[in-house]
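Asks: Each chain, written out:
2 protein chains.
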Amino acid sequence: MSNRPDPSAVPPKVVPVAVSARHVHLSRADCDRLFGAGHELRPARDISQPGQWAAEETVNLVGPKGRIDGVRIIGPLRKESQVEISRTDEFKLGIDAPIRMSGELDGTPGIVVEGQLGPIPLDHGVIQAQRHIHMSPVEAVSFGVANHEEVQVRVTDHAGLRATIFDDVVVRVSPDYELEMHLDTDEANACDWQPGGVGHVIRKTLRRGPPNS
Amino acid sequence: MSNRPDPSAVPPKVVPVAVSARHVHLSRADCDRLFGAGHELRPARDISQPGQWAAEETVNLVGPKGRIDGVRIIGPLRKESQVEISRTDEFKLGIDAPIRMSGELDGTPGIVVEGQLGPIPLDHGVIQAQRHIHMSPVEAVSFGVANHEEVQVRVTDHAGLRATIFDDVVVRVSPDYELEMHLDTDEANACDWQPGGVGHVIRKTLRRGPPNS
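Chains as they are written, first to last, in our numbering: chain A, 1 to 213; chain B, 1 to 213.
No wet-lab data here; the hints were simulated from the structure. Quick caveat, the model's predicted, so the values are computed rather than measured. Warning: the hint list may mix true and false statements.
Copies of one chain are not kept apart here, so a pair can be met inside one copy or by any two copies together.
[Unchecked claim] When the alpha-carbon atoms are kept at most 25 Å apart in a straight line, the in silico DMTMM-like pairs for lysine to aspartate or glutamate are as follows: (1) K92 with D157; (2) K65 with E150; (3) K92 with E114.
Looking at chain A on its own, in the form it has when it is part of the complex (with noise of 0.2 Å):
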């Protein structure tokens, strides 16, 4: 983790690496219209972020050139939809989505969503997810980082054949917010994500060369 003399002194800046397979946040009137006035979703499983489930309904997701059915929905219902998909899902559909931060959804495309009661289009919201660490406060002071800071983070494989440096990861801090990485599936594949991967956390401005020396 580091060269310098005392290794104790220095805290471990490891993180677990999570995947995020594509899914999709609903508001109160996409959820009606998809599943029937005032449809409460149903939790199926807890997810790792405190208070988030995948619900037990799913949607499927219709583009210009294909179709992915059985999308899971990401509970509790949000302002606004967003569909959060790999780029990988966007040559199957034929959609080019920018890479956003969750929430940041001005000028992204649209998609056809289908639910229970037909398919409903959405006029925007669609995108791929950007890298992230979700951290408490007080795993930010450990970590050295603050909201918003973009580090580096190093993803060793078991058979070390695919180690990965993600580089524009995203800080993210609230004290409801468990420590975890969260890669997409392409990026989970790119490095040979197996579950329980970790990853070490590199701070940018304590890194010893220029990127490229």
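Put chain B on the given structure of chain A with help from the hints.
Replies: Then chain B, alone, in the frame of chain A:
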């Protein structure tokens, strides 16, 4: 690129990055079984490495969990058949193939391949290609790298949101090679590769700090 005193003395360590989509190499025997005895594959278009081409003929891959149709064959014929797929493809097919350099097929899983004459089982030969760079001996001297050396390559995307440093990139040197780094489709999507993408080669021995400093 470097903080040596005289930057003009340092050759630029830039390499074109190409994406290797799933494809198949066939042996004479397997080509016979798929397309008929003595069948000559018809070159459809040259690919970047000299002497290699994509054939008009395609095959379908059939795994325990799914199938992928219309997979291109890369000619000319080889001593052994080889199927190169991505991790995404593996999930679709239900096959867990190791990451290997081309031609290193010991202990690899098999797959069913469908050609014009119907399906044939291959008892081994499925791999995920390890990241690598093709280069000529002259280019190897210019880069200061040796055949089989592993380097890092930094690929920066246009939007500056998914810069990625690929580690474990194997250098392959031959007079027959054109300078080019090959990523698979998952790796290309992970770094938001676009046509014309380039990488900056980082020799590990030149790196100043440890990887996670």
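Asks: All the hints need checking, so say for each whether the structure fits it.
Replies: So, going through the hints one by one against the coordinates:
no., hint, result
1, K92 with D157, "between (27 Å within a copy, 21 Å between copies)"
2, K65 with E150, "neither (34 Å within a copy, 39 Å between copies)"
3, K92 with E114, "both (17 Å within a copy, 23 Å between copies)"
The structure is inconsistent with hint 2 alone, although it conforms to all the rest.
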